[in-house]
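Residue numbers (my numbering), protein chains in the order written: chain A, 1 to 429; chain R, 1001 to 1144.
No lab work stands behind these hints: they were computed from the structure. Beta carbons: idealized from backbone N, C-alpha and C, even for Gly. Hints should not be assumed to be uniformly reliable.
Computed from the model, here is a short list of chain R residues facing chain A with C-beta under 8 Å [stated by the list, open to error]:
{"no.": "1", "residue": "D1030"}
{"no.": "2", "residue": "P1040"}
{"no.": "3", "residue": "A1050"}
{"no.": "4", "residue": "H1063"}
{"no.": "5", "residue": "R1068"}
{"no.": "6", "residue": "R1070"}
{"no.": "7", "residue": "P1090"}
{"no.": "8", "residue": "A1094"}
{"no.": "9", "residue": "E1108"}
{"no.": "10", "residue": "D1112"}
{"no.": "11", "residue": "L1117"}
{"no.": "12", "residue": "P1120"}
{"no.": "13", "residue": "L1127"}
{"no.": "14", "residue": "V1133"}
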Amino acid sequence: MSAPESTVETATDEAVRRRDNSAVLRIGEDDGERLEAEAGTSDTSMVMNMGPQHPSTHGVLRLMLEMEGETVMRSKPVIGYLHTGMEKTAETLTYLQGPTNVTRMDYAAPLFSELAFSMATEALLGLELPPRATWIRMLMCELNRISSHLLFQATNGMDIGAVSMMLYGWREREEALRLLETITGLRMNHNYIRPGGVAADLPDGWRDEVLTLIDKLPARLNEFDTLLTGQPIYRERLQGVGVINTAECLALGVTGPILRSTGYAWDLRRDMPYLAYDQVEFDVVVGTYGDCFDRYAIRLNEIRESIRILAQILDQMPPGDYRVQDKKVTPPPRARIDESMEALIHHFKIFTEGFKVPAGEVYAAVESPRGELGCYMVSDGSAVPYRMHIRGPSFVNLQTLPYLMRGGMVADAVAIISSVDPIMGEVDR
Amino acid sequence: MSDSVRHVPRDQLIETVSGLRDEGYVSALDVTAVDYLEHPGRHDLPPEVAPERFELVVTLISHAAPGRIRLRVQVPADDLTVPSLFDLFPGTEALEREVADMFGIDFEGHPDPTRILMPPDWEGHPLRKDFAVGRIPVQFKATR
């Protein structure tokens, strides 16, 4: 349970430390037996596989753990079990089909991938969105952040052994998903945020439904506090477990709640505002110790901040169009197709050939519930991206696992994986 | 959205990145690559940069003065090596493994040059433009 050593000042020492006294087990996927044979001298050391089919690994994450008794020494996350080549697939899908692909990456927070993809496309097109489209996107993303963090509360509770938490977390998340379904038509994988705006305007009665949710949630979150935050067993399992400091987080490229848990306030919504986040008020929640408990508390309180943002969005939602009126990018309304030859042509062109995007390259990033989610896109001037790369926060954050787990018990490993909150769909893409 | 872009020759990558790190670019967000094999015409390169088949793209972020910088490095197809940024930003380890896996670009000095997403015995580099979509047979090692 010892904290990782603090970062050494000089660059060379740091490099040596990383390579030699490292927490990362750098061996091939098949080399576990060989390492054990070589180590030979000590009977207590063994290499153990955890996963890929393990309920606490949130999907198909495999960990190779070098164990000394019940203590984890070095470890290596082995990934790729969910790899389906989505970046390759993206090179065959038009810009309008693209969101259907990226939405399947981070399946707990699909709207953020759609948003990053759409923002990259719009940057290449040079599109300026109508204000309502921007605010609808913000509304949807905050709802999605709530549902994603609720899912974390549920799975985190379950991993630690607070099984009733799973039921409560799941119940609240389902209510958030029901609202997303009312608006987008789907619980997950919405394909709602598209280049040029969103797929449809908000349905009648959306305001009441959002109000119902944000009225109900705070009391439920207080119940979470009663159930978990003050509970001695729960705190005992999380406090001081999986500690990381700011310098290590920055060196490892870590973003999101893990970075903020070290007391470092960095949130793209506040520090590099996109959409209309500069027009709403919210606090960036930070921790103090960088342990599992801080990461739990940050996510719980980020739900409260999202509720605050939602209340402001309800007040400020502007009227107007929900997508940009550019005939080359947005399909015409259904009724227009019957009246206008040109509308029919545009409709046909957009859905068969897709719209062409000027050549160039761009990187657009949003603050997803897991950290900076970026989309790097290269266009060659045709209707499909030449290259589309998603910088997944889970993929990068996963690299902290060996540092967090080193010196801890194997039971802590479960709590640590849970607190990193990786979504394997996004890690493997 | 207006990230600054800098074209860096391969042999100056390390010193450029370490210089930028001292300037306040505290974190390496992303390392990826592009295979320009089938690109019809590249007009976004400055005249002094000779286009090559591969391009390594490194994104760094500065927090003090919020902003990102994107470094674009040309990598010729007949010499696919670039220096690893691991010693400057250890967080690039997984990202560089991904680039090596998907494009076959070698990172000199990388501590763990193994495949990350594809199986260890996979042949070829899927994100190259001459690697066909849906190529069969599917390669998996036999059960042992």
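Check your understanding: Hint by hint, which ones does the structure fall short of?
Key -> Structure breaks hints 3 and 9.
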